[in-house]
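Visitor: Listed below, chain by chain, are the residues.
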Amino acid sequence: MESKPRLLTILDIATVVLLLIATYMVFFYAPQEAVMGDVQRVFYFHVAAGWVGMLSFMGAAIAGIVYLIKKDRKWDIVGLAAVEIGIVFLFINVVTGSIWARPIWNTWWTWDPRLTTATVMLLIYLAYLMLRQGIEDPDRRARFGAVYAIIGSLSVPLTYFSARIFRTIHPIVIGSGDPNASGSFDMTPLMTRTFMFSLLTFTFIFFDLFWHRIRLGRKADQVEQLRLKTME
Amino acid sequence: MLFSLLLQEGPANTTNYMIAGYAVIFGVMLIYLISLLVRQRNLQKDLEVMEEIQGDQE
Chain A
23 MESKPRLLTI LDIATVVLLL IATYMVFFYA PQEAVMGDVQ RVFYFHVAAG WVGMLSFMGA
83 AIAGIVYLIK KDRKWDIVGL AAVEIGIVFL FINVVTGSIW ARPIWNTWWT WDPRLTTATV
143 MLLIYLAYLM LRQGIEDPDR RARFGAVYAI IGSLSVPLTY FSARIFRTIH PIVIGSGDPN
203 ASGSFDMTPL MTRTFMFSLL TFTFIFFDLF WHRIRLGRKA DQVEQLRLKT ME
Chain B
92 MLFSLLLQEG PANTTNYMIA GYAVIFGVML IYLISLLVRQ RNLQKDLEVM EEIQGDQE
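For the protein sequence lines, the chains are A and B, in the order given. The first sequence maps to residues 23 to 254 in the working numbering. The second sequence maps to residues 92 to 149 in the working numbering.
I should point out that these hints are in silico values taken from the structure, not numbers from a laboratory. On a predicted model such as this, the values are computed, not experimentally measured, just so you know. Treat the hints with care, as some may be off.
Said to hold, decoys possible - A few chain B residues that face chain A, going by a derived Cβ cut-off under 8 Å, partial list only:
1. 115
2. 123
3. 146
Unchecked claim - Under the rule of at most 25 Å between Cα atoms (straight-line distance), these lysine-lysine pairs were calculated in the DSS-like manner:
4. 136(B) to 241(A)
5. 136(B) to 93(A)
6. 93(A) to 241(A)
7. 251(A) to 93(A)
8. 136(B) to 96(A)
Beta carbons are placed, not taken as given, at the ideal position from N, Cα and C, and that holds for glycine.
Throw the hints in and build the complete structure from the sequences for me.
Guide: And the structure:
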């Protein structure tokens with residue numbers, strides 16, 4: 023069995039410690055928001071999860087480009103790892119957004135540009151996994167996956183800028199948002215620190231999970247190669 | 092809804108929604124972690140079986 027790198031163990035420990043500190047900050051360090059109450063605390067990890075989702079999908083696109091240039095399947099493994107993590111965190115982002123919206127917008131869901139583009143992005147990458155399932159030849163699967171990840175990544179800037187370009191009720195906390203936005207708030211210095219720390223923590227979570235998922239992908243590739251060799 | 096929130100004196104009581112939000116965050120992350128561990132274990136077993144089969148063929 024492949025031994026776990028020492029650096030990965032250190033990253034695991036650092037990530038857990040950061041997550042514990044971030045959780046403490048969210049619940050005990052950051053003040054309660056004056057109007058929305060406790061549900062505003064969802065914002066810290068909601069945005070951080072969205073950040074991880076977008077980071078992952080951009081990573082998958084880069085891995086796709088490198089795969090198409092080098093034709094080395096390790097980049098396909100990297101791309102798949104990134105997409106899988108992206109889906110998990112974007113799902114968290116969408117669901118927590120919906121939970122926040124219930125008391126603030128008085129609805130679980132509305133077809134606002136930001137919510138719509140984020141959901142479309144999630145569906146695009148779920149389709150990426152389905153596409154891969156349907157292709158048996160590993161090289162063909164990697165090629166199709168790479169092209170799909172590159173094209174799919176167009177949904178990332180579209181989602182990010184949707185709340186800035188279109189009329190939306192989705193609040194923008196950093197920068198100026200639509201005056202129609204509902205649920206905006208001004209961050210106090212303690213809130214800003216908690217928010218920045220959450221972003222840092224989730225970046226660590228991303229790299230930690232990414233490394234683990236790449237190791238898993240390498241093992242899956244090894245098994246597949248052996249299976250194909252046995253079948254010959 | 093927001094207007095009624097603005098008209099009230101203190102912050103709205105939205106603690107249950109916060110709990111639900113963090114249950115989703117930690118729950119989904121935990122499920123994903125478990126899925127990684129289970130897949131890792133299964134692949135290790137598969138790898139051992141495949142190596143055994145290959146050893147027999149050789």
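Visitor: Does each hint hold? Answer for all of them.
Guide: Now for the hints, and whether the structure bears them out:
1. 115: holds (5 Å)
2. 123: holds (5 Å)
3. 146: Because about 11 Å separates residue 146(B) from the closest Cβ in chain A, which is outside the 8 Å limit, the hint is violated.
4. 136(B) to 241(A): holds (11 Å)
5. 136(B) to 93(A): The hint is violated at about 29 Å.
6. 93(A) to 241(A): Between residue 93(A) and residue 241(A) the Cα gap is close to 19 Å, so the pair holds against 25 Å.
7. 251(A) to 93(A): Given that 25 Å is the threshold and the Cα spacing comes to 20 Å, the pair holds.
8. 136(B) to 96(A): holds (22 Å)
Comparing the model with each earlier hint shows violations of hints 3, 5; every other hint is respected.
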